[in-house]
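> Sequence:
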Amino acid sequence: MGILAALIIGAIAGWLAGLIVHGAGFGLIGNIAVGIVGALVASWVLPQLHVDLATGTVGTIVDATIGAVIVLVLLSLVRRA
Numbered sequence: 004m005g006i007l008a009a010l011i012i013g014a015i016a017g018w019l020a021g022l023i024v025h026g027a028g029f030g031l032i033g034n035i036a037v038g039i040v041g042a043l044v045a046s047w048v049l050p051q052l053h054v055d056l057a058t059g060t061v062g063t064i065v066d067a068t069i070g071a072v073i074v075l076v077l078l079s080l081v082r083r084a
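According to the working numbering, the sequence shown holds residues 4 to 84 in order.
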């Protein structure tokens, strides 16, 4: 996957995660970063749980969004502490 595709998928995943986890968004750049980190988290966590979602671009966005939600929930917990 190219850098531009990773940024676009990260932006979409971060934006979707920001909608799912209310009040935890970090703006456009922050959401892109959270989406990319979320994609990395999901690429490790989901295979450990033997979860295999759809393939292709849509599957990548879904996986990255799940990872970004995990990251946003953890970040919001750290913020509150």
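Keep in mind that the hints are not guaranteed to be accurate.
Said to hold, decoys possible - Okay, the calculated beta carbon distance ranges per label pair: (1) L49 / A8: 12 to 22 Å; (2) L43 / R82: 25 to 35 Å; (3) R83 / T60: 16 to 26 Å; (4) H53 / I32: 27 to 37 Å; (5) T58 / R83: 16 to 26 Å.
No lab work stands behind these hints: they were computed from the structure.
Using N, Cα and C, we set each Cβ at its ideal position, and we do this for glycine too.
> Run every hint past the structure and note whether it holds.
Going down the list of hints, with the structure as the test:
1. L49 / A8: 12 to 22 Å: 19 Å, holds
2. L43 / R82: 25 to 35 Å: 21 Å, violated
3. R83 / T60: 16 to 26 Å: 34 Å, violated
4. H53 / I32: 27 to 37 Å: Holds, since H53 and I32 (Cβ atoms, about 34 Å apart) stay within the stated range.
5. T58 / R83: 16 to 26 Å: This hint is violated: roughly 36 Å between Cβ atoms.
Comparing the model with each earlier hint shows violations of hints 2, 3, 5; every other hint is respected.
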